[in-house]
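Protein chains in written order, with the working numbering: chain G, 1 to 317; chain W, 318 to 636.
The hints are all genuine.
The calculated PhoX-like cross-link candidates involving lysine-lysine, where the alpha carbons are at most 20 Å apart (straight line), are: (1) G:199 to W:529; (2) G:126 to W:423; (3) W:449 to W:423; (4) W:529 to W:612; (5) W:409 to W:423; (6) G:54 to G:16; (7) W:378 to W:409; (8) G:54 to G:82; (9) G:126 to W:449; (10) G:16 to G:59; (11) G:201 to W:529.
Quick caveat, the hints were computed from the structure, so don't treat them as lab data.
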Amino acid sequence: MFELSTHVPTLDVLEKVDLSPYHALYLGDPTCPMVPGNISSDPVLVERALQLAKEEGKKCYLSLYAEPRNRDLPWLEELLEKVAHLPLDGIEVHNLGLVRMVRRLGLSFPIHLGVFANLYTHETAKLLYNMGVVRVFPNPELSLEEVDYIRTHAPTQVTLQIHGKIPLGISEDCFILEYSGGKRCQEVCFEPHWLVSGKWKLKNIGRATLSGKDLCLIEYLGSLYWRGFRVFYIQTLRESPEYIETIGDIYRRVLEKISQGVDDYLEAPDLESMASLSPQGFCNGYLFRRSGHRYIGRLFGGERITPMEVGKEGMEQ
Amino acid sequence: MRKGVSLLAPGGSLEMARTVFAAGADAVYVGARGWSRRTVQYELSDEEIREINRLAQGLGKEVRVALNTNFSPTEMDLFMVKMERFSSWGIKGLILTDPGAMYLVKTHFPDMEVHVSAGANAINMEDLRFYKEIGVDMVVAPCNLTVEEIADIKRHVDVGVEVFLHSNTCFTYLGKCLMSSYFRYQWHWDEAGKNHFWGSPNRGGYCHRVCKARWSLEDGRDVHLRNEMFLAFSNLPYYLEAGVDCLKIQGREYTPDLIGEIVAFYRTLLDDLLLRGREVDMTAYLTQLHQLSRKRDAQRNRRTFTVLQEVVEEASQRI
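Using the sequences and the hints given, assemble the complete structure.
Pasting the structure below:
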């Protein structure tokens, strides 16, 4: 009917957070292999995580490091060989070289192309489909029309992020470590930095930089569902257990209602809970052809541009 | 050292293209208007590209046309019409980022050479093998890659490798940054129906360089989001020994005079290295390079101030 997923970086999150709202879990943190306890850096952790998640009836996809250099290829190949026999439901890769590696090793896992792979066109999705990629996560800069174009012009499934901070970039070096005063990963990794410039805010989680605001599509979820989207994703890396549980629960309930044909699916307490968990506010990302930080909509003090107007306008006013 | 290496220089205008050829470039790259990773004033019309191609052919040199933005899936037909036109004009070299577009070009126009843009962020050997298998001829290595990584790639993958001599690094991996468009992003179509995606360096080439704003942590500590000049000067002998195929000077947005000086500098140095190898006294060239770098930095800083000011004014009203 539909799938709701998120990333689970460590066993700690898997064991301590109620992940019942999510149908599927991307195991591991793709932004950095040095994240302490990163599931996707250690085949032993993969096996244990898989066991725990499968007991809860989850689909499990292994999320590989997004930016592997030559030095990373041997350990990634070894990891893939060691997990080859495990009952994974897929492998998420963000790097085209790793698409090739999965094929070269003869692994039969379906491949999901992750957000850092920079997929912008249906032609790339078609090309990759012939290499075993069954699902793609288009670059966040694409508009709703463009994402839908890919969905309808390529044989792959398309993932749509519906909530959470938008990945805005990934770097070679760890920003947190750089400003840690000589501390080690274990001491500082789970303390994200907020970058501030005047009124601007961004969240840095090490090698990845995220939006300050949370992307939120809850008021558009019905139209997205009925347009044909079925694979939904909530970005929760470095969020609190309360955030992961509450946001997942709200979207799961809302999607259940929508799929049953309920039009009036928004409830005031849910919106209040969401707002309390996102003190920097909300945005819609780039879906409505606007700067990523803006929120177009009737909720959360959004800008009142109707979807019809959005479709007609070419430029920001 | 490898003798067949070519020196590739920017052609941000007809004048710049002529200048860099005169200064000793073997090849020039130009941006097709609306399709390359620079703003429109540094891109060329199709007719101008045709003129440069004629000029290059007359000189026995090469032209590469950059259509290396991540364009819209709805613009794929427009892209293929352009490929048809360029192919019929005898244009051989293309710089692309979208793998699907590369595959289409190699399928429909097999005589055209496809170069993978640095914006595609090919950062390991498997990446290069992937591109080789879909038919590309050359891959532009991002500035992040070390000499050792590039040498490893050349040893193990049978595909052309191009490296930057004079460029800039970004806070993120090149092609993986949405920070500019997060704060300011505008859809804008030209008369040909091409969207220029203002504010997105990946889609339209217009970057507001928000990483160059003054950033701090919440505790008030100032922080520096790296965006600096990249000079591979000291790497050059090692690149040549590794067997790289092409050396690229970036800078369509600078003045033709300055780019001409930079090209002439690297032409002289390259010829010297090809003739005398490690015996070349690199320090003798360093003073001249520092002077050129200062001029380049001054031009870049002026541009940074302008593009940053635009986004500060716009976004401050909305956030």
